[in-house]
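A.B. asks: Line by line, the protein sequences give chains L and G. Heads up, the first sequence is in my numbering, so the first residue is 482 and it goes up one at a time. Heads up, the second sequence is in my numbering, so the first residue is 629 and it goes up one at a time.
Hints may be right or wrong, so weigh each one.
[What the hints assert, rightly or not] Cβ-to-Cβ under 8 Å is the rule here; a few derived chain L residues that face chain G:
| # | residue |
| --- | --- |
| 1 | E727 |
| 2 | Y917 |
| 3 | L920 |
| 4 | T976 |
| 5 | A979 |
| 6 | R980 |
Rather than coming from a laboratory, the hints here were simulated on the basis of the structure. For glycine and all other residues, C-beta sits at the position ideal for the given N, C-alpha and C.
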Amino acid sequence: MLDRPAKIEGPDEAPATFTGNRALDQEEPLLFEIGRLDATGVDVDAAPQVEKRLGGLERKEAIGLPGLTEPETMRHYVRLSRKNYSIDAGLYPLGSCTMKHNPRINEKVARFEGFADAHPLAPQSTVPGALELMETLAHWLMTLTGMHAVALSPKAGAHGELCGMMAIKSAIAAKGEGASRNVVLIPQSAHGTNPATAALLGFSVRVVPAAEDGTVCAQAVREALGPEVAAIMLTNPNTCGLFEREIVEIAQAVHDAGAYFYCDGANFNAIAGVARPADFGVDAMHINLHKTFSTPHGGGGPGAGPVVLSERLAPFAPVPFLRRDGERLEIVEHAEGTESFGRMTAFHGQMGMFVRALAYMLAHGGDGVAQASKDAVLSANYVRASLRDVMTQPFGDRACMHEVLFDDAWLKGRGVSTLDFAKAMIDEGYHPMTMYFPLVVHGAMLIEPTESESKASLDLFIATLRNLAQAAKEGDAKRFTQAPRYAPRKRVDETLAARKPVLRWSAA
Amino acid sequence: MSGLKYSKDHEYLRIEGEVAVVGITDYAQAQLGDIVFVDLPTIGKKVTKGGELAVIESVKAASEVYAPVAGEVVEVNAELGEKPALVNEAPLSGGWLVKLRLENPAEIETLMDEAAYDGFLKTL
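Take these sequences, add in the hints, and give me the full structure.
C.D. replies: Pasting the structure below:
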């Protein structure tokens, strides 16, 4: 263990400062609360005198734009950025989000001007390199998944779900079953986006109950199937961090019933390079480039959710898509004369994410991608095995995939909830794990350490959670219910914030 | 005995003539935590047994309330718009959600009485 003082003087006991700052923990007012309206970081020429043609509709009062000098503006945003916890600042165990390290080679390549400065409306003949990058990325995604085709344009996971389900809906309509197949099966443990996607497309949702061991059993799926079922939406590994062992049987049953299998690819990081979704019998699956292939949460920018499709769904893929004609690559922009269900986005997808994802794949190679998946599973199981004597696992002591799920049974009667435990992690300098998800587990704590962490980093994290667990068991509830005490903002009244939110700034 | 009937999804039903008052149990409100919003159905909506009746949003999660029996919504607790906390404070009285006109009064017999519900809670 690290040599630390037994008690660090809390900020509440420390003397007040003149500025309200605590050394580098600085108060940050809103942009509108600093500066002067007449100040500006740039010199702008006075507007020329023009004849007013607004017939009295012109604005007469100042609109309250902030006025700051360039250094003031810079400081404001730099200080704000320092309040942000990121994977570059520390371990980020947010389950289901796959917050892995973003290798800097990605950023170097993404800034090559041929990629960074390409405009989506540039003539295709001027951007052959960008088109070839898209084709190579598509090749990697189809190879890793074993699938027949890929639609690159969806902008993120949920958008990818929508794309895949629209392809399924089109395929069903093409068979003349559009009116009769209107139910989508979704397991209890699903991501909330799954039923939302189904509902958005006019399907009604039928819930498949989870088995005792947290997975979906083929028998339950068979019982839920019928001629009215269009598809099942299933995540594998599922949101409990468990591999769906009956997935092949489930896919078979779904296909036998004339329905399609949509796989939520959010947890592809556990199996990429090791198992191929096509071999499970998947018809469509989105891939979160911004999880599985680094740049977690899109680096604060856009994500990308390409969708791989089986041979029978491929004809329905959205435009625009890439087509190779001998030496020539082109983007097909129009759906006329094809079975494509149409267009989801103005352009072809998130080029910046394509570059980063492909840089990650090429830097790792196929064997490296597989190693990353295996290391992610190993890390999660190391955390699981190191905490199982102090925390409780909802589905017994069995190996997990890339994320480990604990419940709150071990906190019962201690006056500490999952929320309190997560808040105490903030005081320890960690971003909390995912909590209260999946909903099928009481007080869920879902930890995904990813393959990015060294053993030393995992050991410190584990020691911290063990120390917190010990404190909870010894009755030190105050350490939890008052946390966070070392964050810029202390415990927030979440109820008040939700019941009476203040959504608009107004001048005092 | 309270005369209330209970479902396994932790809704209760209080029969007042042809109408049944539906709400969630004390156990349910405690599990949900502080409730911040209640999405109630429109009056006249017909629900089937087990169909979605309302959605309750707490600081932890958004959860569906299912109709314990089939019926037509004849009244909703409008006070919850301003004071969703009533569901926490008095789930069995001021925090009721919906009044249903029963479609099939015989369905009441499929629900648990208080003793059975208490027993059910002990198994959770």
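A.B. asks: Each hint: holds or not?
C.D. replies: Hints, one by one, checked against the model:
For E727(L), the interface hint is violated, since its Cβ never comes within 8 Å of a Cβ in chain G; the closest pair sits about 26 Å apart. About 5 Å separates the beta-carbon of Y917(L) from the nearest beta-carbon of chain G, less than 8 Å, and the hint is met. Restraint check, L920(L) versus chain G: the minimum CB separation of about 6 Å is within 8 Å; hint holds. The criterion of a C-beta within 8 Å of any C-beta in chain G is met by T976(L), whose closest approach is roughly 4 Å, and the hint holds.
Given the 8 Å rule on beta carbons, the hint for A979(L) holds: about 4 Å separates it from the nearest Cβ of chain G. A hinted interface residue such as R980(L) counts as satisfied when its beta carbon comes closer than 8 Å to some beta carbon of chain G; here the least separation is about 5 Å, so the hint holds.
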